[in-house]
Structure formats: C-alpha cells, structure tokens
Amino acid sequence: MNKIKKVLRNLCTIPGVDGALITKMDGITFESIYVIQHEIMSAAMAAVLGAANEMIEKTGSGDLEGIMIETRNKRILVSKINEAFALIVITNKSSKLGLVRYEIKNAKEILNKEMQLVYGQTGNVKT
Amino acid sequence: MKKPKIKIVVFGALNSGKTTFIEKLVKGKLALKGEFGEITTSLDLAVIEESKNKTFIFGTPGHTRFKFMWRVLAKGLKGAILLIDSTVGVTETDREIYELIRSLNVPLVVAVNKCDLNKLPASHVRKKLDLNSEIKIFEMSALKGYNVKKVFESLLAEIRNE
Chain A
1 MNKIKKVLRN
11 LCTIPGVDGA
21 LITKMDGITF
31 ESIYVIQHEI
41 MSAAMAAVLG
51 AANEMIEKTG
61 SGDLEGIMIE
71 TRNKRILVSK
81 INEAFALIVI
91 TNKSSKLGLV
101 RYEIKNAKEI
111 LNKEMQLVYG
121 QTGNVKT
Chain B
128 MKKPKIKIVV
138 FGALNSGKTT
148 FIEKLVKGKL
158 ALKGEFGEIT
168 TSLDLAVIEE
178 SKNKTFIFGT
188 PGHTRFKFMW
198 RVLAKGLKGA
208 ILLIDSTVGV
218 TETDREIYEL
228 IRSLNVPLVV
238 AVNKCDLNKL
248 PASHVRKKLD
258 LNSEIKIFEM
268 SALKGYNVKK
278 VFESLLAEIR
288 NE
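Taken in order, these protein sequences are the chains called A and B. If you're matching positions, the first sequence starts at 1 in this note's numbering and goes up one per residue. If you're matching positions, the second sequence starts at 128 in this note's numbering and goes up one per residue.
Hint data in this document are derived by calculation from the structure and do not stem from the laboratory. Check the hints yourself; a few may be wrong.
To be verified - Label pairs and their in silico Cβ distance ranges:
| # | chain 1 | residue 1 | chain 2 | residue 2 | range |
| --- | --- | --- | --- | --- | --- |
| 1 | A | G98 | B | N245 | 53 to 63 Å |
| 2 | B | R222 | A | G16 | 45 to 55 Å |
| 3 | B | E261 | A | P15 | 56 to 66 Å |
Said to hold, decoys possible - Listed next, the in silico EDC-like pairs over lysine to aspartate or glutamate satisfying Cα-Cα at most 20 Å (straight line):
| # | chain 1 | residue 1 | chain 2 | residue 2 |
| --- | --- | --- | --- | --- |
| 4 | B | K132 | A | E31 |
| 5 | B | K202 | A | E57 |
| 6 | B | K276 | B | E176 |
| 7 | B | K202 | A | E54 |
| 8 | B | K129 | A | E31 |
Backbone N, C-alpha and C fix where the C-beta goes; we use that ideal spot for every residue, glycine too.
Use the sequences and the hints to build the structure in full.
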C-alpha cells in the first residue's frame with residue numbers, strides 16, 4: 001500500500017470517520033477510501049474551496065485552511081493540503097471533532113511532504 | 128491500469144444552453160446540477176467513461192455575478208467549449224469568456240447554440256471574437272440534440288492530438 005493511501009486508511013480508523021479522499025484542485029479525485037460518489041464529492045468540494053478562496057482573497061480575510069459542512073447526520077471537513085490538493089474527511093455526528101481535526105492536521109503534514117516530493121506545487125508528476 | 132482522466136469545461140453566457148448541452152450529451156444523467164431557479168450558480172458535472180479515457184465535463188455558471196467561478200472551474204482543464212447564444216449574438220460577456228479561455232492556452236471548440244431558433248453565421252462569430260481559422264465553430268441545437276456529440280468529439284480529438 002502506498003504511503004498516501006495508508007494515511008487515508010489511518011484516518012478512517014478514527015471512530016466516527018466514514019471515509020476520506022484527496023482531490024486535486026481541478027476537481028478530479030486523486031485517491032479515495034470508503035467514499036461512494038467520490039467523483040461528485042471531489043468536483044463539488046474543489047469548487048467550494050476555490051470559491052471560498054476567491055472570497056477570502058478579495059476580502060483580505062487571511063489564508064484559507066479549511067471548510068466544514070454540516071448536515072443532519074454528517075460532517076464534511078475539507079482542508080487544503082497545498083495549492084494543488086485538498087483532503088476531505090467525512091464523519092458522522094458521533095465523531096469527536098477535536099480528535100478528528102487533530103488527526104487531519106497531522107495527516108496533512110505527512111501528505112504535503114509526500115506529495116511535494118512526487119508532485120511539487122502544481123499537482124503534476126515531477127519528471 | 129487506470130484510464131487517463133480528461134477535464135473539459137463548458138463556458139458561455141447566461142442562458143446560452145450549457146446545462147442543456149451537457150444534459151443532452153449524457154442523456155440527462157448529470158452527476159451534479161448546481162442550479163437555483165433556472166440558473167447555474169455553482170457548477171454542473173457529468174462523467175463520460177469510454178474505452179480510452181474518462182472525461183469529466185464541468186459546466187460553469189453563465190451569470191457575470193458568478194464569473195469568479197470561471198477561473199476556479201478552469202483549473203486543470205485540458206480543453207474548452209464556448210457556447211454562443213445565436214438568438215442574442217456575440218456579447219461583451221462572450222468576449223470576456225473567450226479572452227479567459229485564450230489565456231489558458233488549451234484546445235477550444237465554439238458552438239453556436241439554438242440554431243433551430245436563429246441562424247447566426249459562423250463567419251460572423253469568428254469575426255466578432257477575432258478567432259483564428261484553426262478554431263472550429265459548429266452550429267448546434269442543444270435542445271434538439273443537433274451536433275451536440277460532434278462538438279464534444281471534435282474537442283476530444285483536438286485534445287488527443289495535443
């Protein structure tokens with residue numbers, strides 16, 4: 001199993017986490033674990049993140065780190081890994097949000113290092 | 128082995144028929160239809176899986192209020208389709224969208240939509256947008272399905288030739 005997939009699998013062992021995926025900022029899934037309809041999730045979340053980023057830049061509200069979407073029984077946490085990739089974690093409401101956030105922060109650091117090595121800032125494989 | 132993934136984006140001004148075009152292409156099976164009322168406010172998405180590749184078709188909002196989404200959705204695209212509403216003609220918004228696409232330096236196909244309602248000559252569109260002769264322009268009716276597949280396949284062919 002590659003290191004990136006392993007990080008996603010580890011996230012999915014946290015109680016209450018239903019699935020995790022990495023999307024490229026072009027909206028196409030890079031890697032996904034236990035997420036049915038991951039293509040829809042990737043496209044929509046990349047667009048949401050992109051729109052939020054525009055708004056934040058234009059209003060001078062700092063640097064975007066992430067977004068959380070809450071439904072009646074789920075939480076979707078979207079975090080920028082770097083300029084080219086974002087991590088999406090889907091949890092149910094029984095999850096401990098603080099723990100999930102902590103683990104996401106750790107996972108992001110590992111993923112960023114790993115992906116910088118292979119893909120750089122652009123998301124394209126380094127040759 | 129994983130199939131190559133191709134992202135194409137459908138641009139066009141408000142009511143130029145982008146959602147109808149994508150719906151016709153996938154026989155109504157949109158993966159996402161981000162509209163409020165009758166206008167697209169976020170994005171449309173459709174996925175076409177063929178033997179050679181998997182194509183992701185993104186539809187942009189047409190309203191200039193949401194024009195910041197054009198660049199957001201254009202990220203990583205391999206080709207673009209620009210829809211012109213033949214009942215309206217070439218507008219300032221069309222020119223603005225075309226300039227954006229031109230700056231992205233990707234293959235482009237122009238579709239003059241609603242040709243069942245009004246004939247807008249391709250030569251007029253080419254002149255108004257100052258398109259070079261290599262850019263293909265098709266008459267199309269997204270509603271009737273006329274040339275819908277041709278527009279899509281023509282762009283895919285150009286992307287493959289890149």
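Checked hints:
The supplied range of 53 to 63 Å is met by G98 (chain A) and N245 (chain B), whose beta-carbon atoms lie about 60 Å from each other. Our hint of 45 to 55 Å for R222 (chain B) and G16 (chain A) holds, since their Cβ atoms are close to 51 Å apart. For the pair E261 (chain B) and P15 (chain A), the beta carbons lie near 57 Å from each other, so the given range of 56 to 66 Å is met. With a C-alpha separation of about 13 Å, the suggested pairing of K132 (chain B) with E31 (chain A) holds against the 20 Å cut-off.
A C-alpha spacing of about 17 Å is found between K202 (chain B) and E57 (chain A), which places the hinted pair at or below 20 Å, so the restraint holds. For a cut-off of 20 Å, the pair hint linking K276 (chain B) to E176 (chain B) stands: about 14 Å separates their Cα positions. Annotation: proposed proximity of K202 (chain B) to E54 (chain A) holds, straight-line Cα distance about 13 Å (limit 20 Å). For a cut-off of 20 Å, the pair hint linking K129 (chain B) to E31 (chain A) stands: about 12 Å separates their Cα positions.
Taken one by one, the earlier hints all hold for this structure without exception.
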